[in-house]
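Colleague: Here's the letter readout for the chains.
2 protein chains.
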Amino acid sequence: MDGPAKGARTREVILQRAVTHACRVGLAGLTIGDISTAVGMSKSGLYAHFGSKEALQVAVLDTAAQEFADTVIVPALSAPRGEPRIRALVENWLACGRTRQPGGCVIVKASTELDEQPGPVRDRLRELHQALDASIARIIAGGVTEGHFRPDVDGNQFAFDLYAMMLGFYHSYRLLEEPQAEARARRAVEALLDAARPEGVARGENS
Amino acid sequence: MDGPAKGARTREVILQRAVTHACRVGLAGLTIGDISTAVGMSKSGLYAHFGSKEALQVAVLDTAAQEFADTVIVPALSAPRGEPRIRALVENWLACGRTRQPGGCVIVKASTELDEQPGPVRDRLRELHQALDASIARIIAGGVTEGHFRPDVDGNQFAFDLYAMMLGFYHSYRLLEEPQAEARARRAVEALLDAARPEGVARGENS
DNA sequence: GTTCCGCACGAACGATCGTGCTATTTTCGC
DNA sequence: GCGAAAATAGCACGATCGTTCGTGCGGAAC
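In order, the protein sequence lines correspond to chains A and B.
So for the first sequence, my numbering puts the first residue at 243; every next one is plus one.
So for the second sequence, my numbering puts the first residue at 243; every next one is plus one.
Incorrect hints may have been included.
The list makes no distinction among identical chains, and a pair is therefore deemed to hold if it is satisfied within one copy or across any two copies.
[Stated by the list, open to error] In silico DMTMM-like cross-links for lysine to aspartate or glutamate, where the CA-CA straight-line distance does not exceed 25 Å:
1. K295 x E358
2. K295 x D276
3. K248 x D375
4. K295 x E441
5. K295 x E369
Hints in this document: simulated from the structure, not taken from any laboratory.
Here the structure is a predicted model, which is why all the values come from computation and not from measurement.
Input sequences plus hints: build the corresponding full structure.
Modeller: Structure follows, in structure tokens:
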């Protein structure tokens, strides 16, 4: 049997479990003991893979971000540029929040946990978020060149608005368990798109 | 000297410190030991005031929520109904995020920490958020009767949008330390108000 | 003047935390 | 297969966690 070496495989198993667990208890709530018993190995055996808890947290963050990119961003990029791509992104995003195993999202939890706790974990998280922001802004820019959006639409402002709406959705859906959370998020995104469309162009006319 | 009994006074001192500390490390990150040394008393002496860590956490949430209501919501209610009141609310809110001692907001942190951790603390947090939602929706409704907003504006949807924008601001300002965070939040709120205004009425014409 | 109560203290508890060691087992190139 | 190297287990450590208990101090009530 080839493929990755044994160590790399178990490392991935560990990280998978760790992400799942971190979705429930957050990044700071992770404990080596819990994860090790969850994957059925000793604390020290697991620990040797990372060398420190901080390194494990960074690895967890990377794993979760990769998963997010694979299931939300990349698939959306195969949709046509402009509005359809934004819609695909939002739908993937909402689906990610809806179907995800209980616990929500590590990254959202980590964002509030770490916002005032300097260190390599926060630095990494910031990088990931800046990359996400840039991705969204680029999608918007594509919509501008495509003529779906007004030329003066600011990609960074749109990224801010869109991410804010997803945060609102997360809050409403996860904490408040509001049944209309998804509908409200969709309406909010539609309003964003409405505001970005060239004047006189009603919804759907340019697709 | 009358006033509250000794016990109640020290209890308040404890809670004040606990809120400050929880703003940095979150509600789950609070430890009895840290708080007790911060206020200069013994662990057991502090503990006796609450009986359990959970009770302390609930008390911290209540204290923070009261503080928020006193500095953000109540002052806004003295502004004229409708748009000015919304603007006052947002300005107070932004100022709260800007000038607050380092650490951000316990409530925001607790919202993501507790969203999948059932128990009395989460229940209380949910109540507080529902009360906030209701407050915002009521302010919007006032703006509708005042004619500042279109009659079909949905107060709950607006509350969703507004809270989402404040979450986005918090994220952008606290984690990303984006200098334009406040400007973007303001622009986003203006867009919300634009969309809610009766057609043909430009900004400021109805104040 | 004695009793009682609110309040805080110090010590200790079992548990669990992250983190080092040292063996022991497993894997993999030759 | 064999031996080097990687992977895992076992054990122990100091620290800290929330919690409990007994105790002492000070003022109020009687």
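Colleague: At most 25 Å between C-alpha atoms: does K295 with E369 qualify within a copy, between copies, both, or neither?
Modeller: Within one copy, since 20 Å is at most 25 Å while 35 Å is not.
Colleague: With identical chains, the pair K295 and E441 could be close in the same copy or across copies; at 25 Å between alpha carbons, which is it: within, between, both, or neither?
Modeller: neither (53 Å within a copy, 56 Å between copies)
Colleague: Checking K295 and E358: alpha-carbon separation at most 25 Å within a copy, between copies, both or neither?
Modeller: both (18 Å within a copy, 23 Å between copies)
Colleague: Cα distance capped at 25 Å. Does K295 pair with D276 within a copy, between copies, both, or neither?
Modeller: Answer is both: 13 Å inside a copy and 22 Å across each meet the 25 Å cutoff.
Colleague: How would you classify K248 and D375 at a CA-CA limit of 25 Å: within, between, both, or neither?
Modeller: The answer is neither: 36 Å in one copy and 51 Å across copies each exceed 25 Å.
Hint compliance for this structure: hints 3 and 4 are not met, and every other hint is.
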